[in-house]
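Chain order of the listed sequences is C and B. Under the working numbering, think of the first position of the first sequence as 1, with each following residue one higher. Under the working numbering, think of the first position of the second sequence as 1, with each following residue one higher.
These are computed hints drawn from the structure, not numbers from a lab. Here a beta-carbon is modelled for each residue, glycine too, at the ideal position from N, C-alpha and C. Keep in mind that a hint or two might mislead.
Claimed, not checked - Derived pair list, reagent style DSS-like, types lysine-lysine, alpha-carbon separation capped at 25 Å:
| no. | chain 1 | residue 1 | chain 2 | residue 2 |
| --- | --- | --- | --- | --- |
| 1 | B | K30 | C | K100 |
| 2 | B | K13 | C | K36 |
| 3 | C | K95 | B | K30 |
| 4 | C | K100 | C | K59 |
What the hints assert, rightly or not - Listed next, with one range per pair, are the computed distances between beta-carbon atoms:
| no. | chain 1 | residue 1 | chain 2 | residue 2 | range |
| --- | --- | --- | --- | --- | --- |
| 5 | B | V38 | C | I112 | 23 to 33 Å |
| 6 | C | G16 | B | R67 | 46 to 56 Å |
| 7 | B | P61 | C | K59 | 16 to 26 Å |
| 8 | C | V55 | B | G16 | 20 to 30 Å |
| 9 | B | L98 | C | E67 | 19 to 29 Å |
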Amino acid sequence: GQQVMQIPQYQHVQEGEDFTTYCNSSTTLSNIQWYKQRPGGHPVFLIQLVKSGEVKKQKRLTFQFGEAKKNSSLHITATQTTDVGTYFCAGLTSKTSYDKVIFGPGTSLSVIP
Amino acid sequence: DAGVTQSPTHLIKTRGQQVTLRCSPISGHKSVSWYQQVLGQGPQFIFQYYEKEERGRGNFPDRFSARQFPNYSSELNVNALLLGDSALYLCASSFAGLAGAETQYFGPGTRLLVL
Numbered sequence: 001g002q003q004v005m006q007i008p009q010y011q012h013v014q015e016g017e018d019f020t021t022y023c024n025s026s027t028t029l030s031n032i033q034w035y036k037q038r039p040g041g042h043p044v045f046l047i048q049l050v051k052s053g054e055v056k057k058q059k060r061l062t063f064q065f066g067e068a069k070k071n072s073s074l075h076i077t078a079t080q081t082t083d084v085g086t087y088f089c090a091g092l093t094s095k096t097s098y099d100k101v102i103f104g105p106g107t108s109l110s111v112i113p
Numbered sequence: 001d002a003g004v005t006q007s008p009t010h011l012i013k014t015r016g017q018q019v020t021l022r023c024s025p026i027s028g029h030k031s032v033s034w035y036q037q038v039l040g041q042g043p044q045f046i047f048q049y050y051e052k053e054e055r056g057r058g059n060f061p062d063r064f065s066a067r068q069f070p071n072y073s074s075e076l077n078v079n080a081l082l083l084g085d086s087a088l089y090l091c092a093s094s095f096a097g098l099a100g101a102e103t104q105y106f107g108p109g110t111r112l113l114v115l
C-alpha cells in the first residue's frame, strides 16, 4: 500500500541554525499538506502544496513539492525556540475526501537555546 | 469563534469496554474527520463524514463506528476495546471536506488509555 516516509526522525539544532525535513511518498500525490504539532498539542495546518515543483514561503519557513509530486521538504531558516515540535507531512491522492490521506511519521525538532 | 471542541479530554477504560468520543466542529463547517494518533506516530485516518453521510473510511476494524448529527457534531464509538486502542483520538473539521482545496482544523483530541 501507499507509504509516506519522513527523515530525519529527530533533529536537535542550536538556536539560529537551519533545519530541513524531507517527506517521500511511494506513490504520486495529488497534493501534500504540512502540519506542526507542539508537545502535548494537536496538529496545526501549515500549508498545502498542489502543483509540481511548487515552492511556498511563510516567513522563515520554505516548503517545496517535488517535480514528480512524490516528495516534499520543509526548510526553516534560523530556528527559534518557538519552532520546537513535530512536523508532519500528509500526502493526499484524492482531492474530494480525506480517506486517502497518509501522514508521515513526523520529524521531531528540538531547539537548544 | 470557538475552534473544534472534543470531549472528554481524557478517558481510562478497561479491555472489552465500549467508548464514545464527541466532537463539535467549527461553526459553519459541515465535514468532520476522525483520526487515531498512537504515541510517536502520525495521525491515521478513521472516518470522514459530510452532511451526515460517510464520505470515507480508513483501514480500521468494524469495532469502530461513527455518525454525524444534523448540527454537524459527531461521535466516534469503539466497541470491545483492546490495549492497542490506546491513543490520542483527533477530530478535524472543514467546510466541505474537500481535501485538495480546504484547510482542516484539528481539535485538542481525546486521550484514551485502555488498561
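Range agreement (Cβ of C:K59 with Cβ of B:P61, hint 16 to 26 Å): Given about 43 Å between the Cβ atoms, the range is violated.
Beta-carbon spacing of B:L98 to C:E67 - inside the hinted bounds 19 to 29 Å or not: holds (25 Å)
CB-CB spacing for B:R67 and C:G16 relative to the 46 to 56 Å hint: holds (50 Å)
Straight-line alpha-carbon gap B:K13 to C:K36, limit 25 Å: It is violated: about 29 Å lies between the C-alpha atoms, which goes past 25 Å.
Hint consistency between B:K30 and C:K100 [alpha-carbon to alpha-carbon, up to 25 Å]: holds (19 Å)
Proposed proximity, C:K59 with C:K100 (alpha carbon, max 25 Å): violated (30 Å)
Distance restraint evaluation - B:V38, C:I112, Cβ atoms, bounds 23 to 33 Å: holds (28 Å)
25 Å Cα cutoff - pair C:K95, B:K30: Within the cut-off at roughly 17 Å; holds.
C-beta pair C:V55, B:G16: status relative to the range 20 to 30 Å that was hinted: Violated - the Cβ-Cβ distance for C:V55 and B:G16, about 51 Å, lies outside 20 to 30 Å.
The structure does not agree with the numbered hints 2, 4, 7 and 8 stated previously, though it agrees with the rest.
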